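Visitor: Modelling step: build the complete structure from the supplied sequences, incorporating the hints.
Those sequence lines, one after another, are chains P and F. Using this note's numbering, the final residue of the first sequence is 325, and nothing's skipped along the way. Using this note's numbering, the final residue of the second sequence is 325, and nothing's skipped along the way.
FYI, nobody ran anything at the bench for these hints, they're computed from the structure. Be careful, since some hints might not be right.
Because identical chains cannot be distinguished in the list, a pair is counted as satisfied if it fits within a single copy or across any two copies.
Unchecked claim - Below, simulated DSBU-like cross-link-like pairs (lysine-lysine); rule was C-alpha separation at most 35 Å, straight line:
| # | residue 1 | residue 2 |
| --- | --- | --- |
| 1 | LYS70 | LYS317 |
| 2 | LYS244 | LYS317 |
| 3 | LYS226 | LYS317 |
| 4 | LYS70 | LYS181 |
| 5 | LYS244 | LYS17 |
| 6 | LYS181 | LYS17 |
Note that the coordinates shown come from a computational prediction; the quantities given were computed from them, not determined experimentally.
2 protein chains.
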Amino acid sequence: MTPDQRSLAERLLDGDKRALARAITLVEDDRPEGWALVREVYPHTGRAAVVGFTGPPGVGKSTLLGALTKAERARGRTVGVLSIDPSSPFTHGALLGDRIRLTEHFLDPGVFIRSMANRGALGGLSEAALQAALLMDAAGREVVFVETVGVGQAEVDVIDHADTVVLALMPGSGDSIQALKAGVMEIPDIIVVNKADHPLTDTMVREIRGVLSLGSQSGWRVPIVKTQAASGIGIDELVEQLEKHREYIRGEGTLLERRRRNLMNEVVAIASARMRRQLEASIRSDPAVQELLDEVVARRLDPATAATEVLARNARKLEAERDGA
Amino acid sequence: MTPDQRSLAERLLDGDKRALARAITLVEDDRPEGWALVREVYPHTGRAAVVGFTGPPGVGKSTLLGALTKAERARGRTVGVLSIDPSSPFTHGALLGDRIRLTEHFLDPGVFIRSMANRGALGGLSEAALQAALLMDAAGREVVFVETVGVGQAEVDVIDHADTVVLALMPGSGDSIQALKAGVMEIPDIIVVNKADHPLTDTMVREIRGVLSLGSQSGWRVPIVKTQAASGIGIDELVEQLEKHREYIRGEGTLLERRRRNLMNEVVAIASARMRRQLEASIRSDPAVQELLDEVVARRLDPATAATEVLARNARKLEAERDGA
Numbered sequence: 001m002t003p004d005q006r007s008l009a010e011r012l013l014d015g016d017k018r019a020l021a022r023a024i025t026l027v028e029d030d031r032p033e034g035w036a037l038v039r040e041v042y043p044h045t046g047r048a049a050v051v052g053f054t055g056p057p058g059v060g061k062s063t064l065l066g067a068l069t070k071a072e073r074a075r076g077r078t079v080g081v082l083s084i085d086p087s088s089p090f091t092h093g094a095l096l097g098d099r100i101r102l103t104e105h106f107l108d109p110g111v112f113i114r115s116m117a118n119r120g121a122l123g124g125l126s127e128a129a130l131q132a133a134l135l136m137d138a139a140g141r142e143v144v145f146v147e148t149v150g151v152g153q154a155e156v157d158v159i160d161h162a163d164t165v166v167l168a169l170m171p172g173s174g175d176s177i178q179a180l181k182a183g184v185m186e187i188p189d190i191i192v193v194n195k196a197d198h199p200l201t202d203t204m205v206r207e208i209r210g211v212l213s214l215g216s217q218s219g220w221r222v223p224i225v226k227t228q229a230a231s232g233i234g235i236d237e238l239v240e241q242l243e244k245h246r247e248y249i250r251g252e253g254t255l256l257e258r259r260r261r262n263l264m265n266e267v268v269a270i271a272s273a274r275m276r277r278q279l280e281a282s283i284r285s286d287p288a289v290q291e292l293l294d295e296v297v298a299r300r301l302d303p304a305t306a307a308t309e310v311l312a313r314n315a316r317k318l319e320a321e322r323d324g325a
Numbered sequence: 001m002t003p004d005q006r007s008l009a010e011r012l013l014d015g016d017k018r019a020l021a022r023a024i025t026l027v028e029d030d031r032p033e034g035w036a037l038v039r040e041v042y043p044h045t046g047r048a049a050v051v052g053f054t055g056p057p058g059v060g061k062s063t064l065l066g067a068l069t070k071a072e073r074a075r076g077r078t079v080g081v082l083s084i085d086p087s088s089p090f091t092h093g094a095l096l097g098d099r100i101r102l103t104e105h106f107l108d109p110g111v112f113i114r115s116m117a118n119r120g121a122l123g124g125l126s127e128a129a130l131q132a133a134l135l136m137d138a139a140g141r142e143v144v145f146v147e148t149v150g151v152g153q154a155e156v157d158v159i160d161h162a163d164t165v166v167l168a169l170m171p172g173s174g175d176s177i178q179a180l181k182a183g184v185m186e187i188p189d190i191i192v193v194n195k196a197d198h199p200l201t202d203t204m205v206r207e208i209r210g211v212l213s214l215g216s217q218s219g220w221r222v223p224i225v226k227t228q229a230a231s232g233i234g235i236d237e238l239v240e241q242l243e244k245h246r247e248y249i250r251g252e253g254t255l256l257e258r259r260r261r262n263l264m265n266e267v268v269a270i271a272s273a274r275m276r277r278q279l280e281a282s283i284r285s286d287p288a289v290q291e292l293l294d295e296v297v298a299r300r301l302d303p304a305t306a307a308t309e310v311l312a313r314n315a316r317k318l319e320a321e322r323d324g325a
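Guide: Below you can see the structure in the form of structure tokens.
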């Protein structure tokens, strides 16, 4: 451990925003110092309330997070916001526009906002995002909001690691209702219907109630909170429901249980992402693997047999590296 | 190779529906005979037109596929339909209800219909589904429709292996439009607006046109086909557009290119799924790994370091197995 790193860890644990920003960049860039840093500060994590926000694009999640951040600050809590951007190039305009709604908090030392973009590496993003959330936790953020678009496994993986999952919808979110109804989308802990000044809001709330009544609701009853984030309406009730859910999971012992499961999933996710990345790299760089693929394309070798071959080559390579190290 | 397997392969290549059903079950159950069978018949694949259907639940994809199957049969083509069910237990009622719309084809030897359920093993389903599609192809199905719900990475992986991707929407599919707009959902080759007797159909079509105009459209212009699948309206136009897209990708050489990329992805997907499954099994069964996880939960060992440890243990185990074999 170099003295430089130690001081970064110290500054991070002190809650220094610049140290936190630097630390997250190290992790995002997959730098060994970043991982070493997480290792060092990890014993100081586990105190933040991690709240995951998901929902289709366009429902106003960023506005909602801006309003929530303000409300949490008014209650004296420090806040970290981690926004996960989806992968497409022509996204940026739209979503970074949304981010502007969070700018009023940029100068507040009690608020740390960070955007992470999906770099296309499957699992790579959620891997980095989870580490970033740990770093925010270690830096003393009392509430950490993780925002993702609820499409794609990588985003779902991120949300899975939250203590509380909030699904944000709006009147017109028919596809999401159908996905909930069909069981394709998991039932969250809290549902927000934003843009609740829309005339179809109550229809939407009724539809959601209908879907929720299909499942078995033992213990926690999923609340539906109507908000108009842009004008702050409904935000206090949302904060209250977040607190209630936190009390609930803490009281029932579910928080520990949930975190144990989440941490296990995280270990599996990190390991799987590494394996996959290594595999993809070996496929790109190994001429023998390229030849195997040519055979597959020519329909002489089937994909499953090729996969077995690739895995065997990979295992041999790994073993050789380990023996050499 | 046992004589029994050979005869199954022969019957499959002859187009025998019972042999095809048996073969898919072997693959779905992850039986070695299943994989051996795919290996054997793989050289006879690559002739079917594989069309992937995705879209939110409730838009009527099964009805659409029923109508399309009828139309393809009327043109003298044999059809295979592979429906991927999402994972939740309370799905079954709803989706199997939809399946009934396909029953009129069950007695037609030119139509083979198969449903696969997500057994929760990440990657496991898409792995099996892709093999099932290959088996249908080998059994001489000229058109293979693969239907999934467009949420979750596993479903997207399945669709990625199609020659042509069709996105089915309906008036009210606001979330999907937003996801397309934000670039979270990829632009498909053909968009269907089903339930087009709804008064908001033209609004929906305009919105889709707006989204499509944002992207760079060189070469193939994504058609929007209005259908009322339940009464067969618009189905002929959809068949025509499917044929046009097939001609287009064949003419441009994109079919070969697409298939090369898809087959590569398939090899990576199969290999990744196997690695992940192995990893999960080792995590469940290995007491040393359980101890590592306890350390993570106690915040004494960070998840990334634990993942490194788990991977190293796994590699040693694999190597030992390989040496022993």
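Visitor: Hints the structure violates: just list their numbers, smallest first.
Guide: Violated hints (numbers, rising): 1, 2, 3; every other hint is consistent with the structure.
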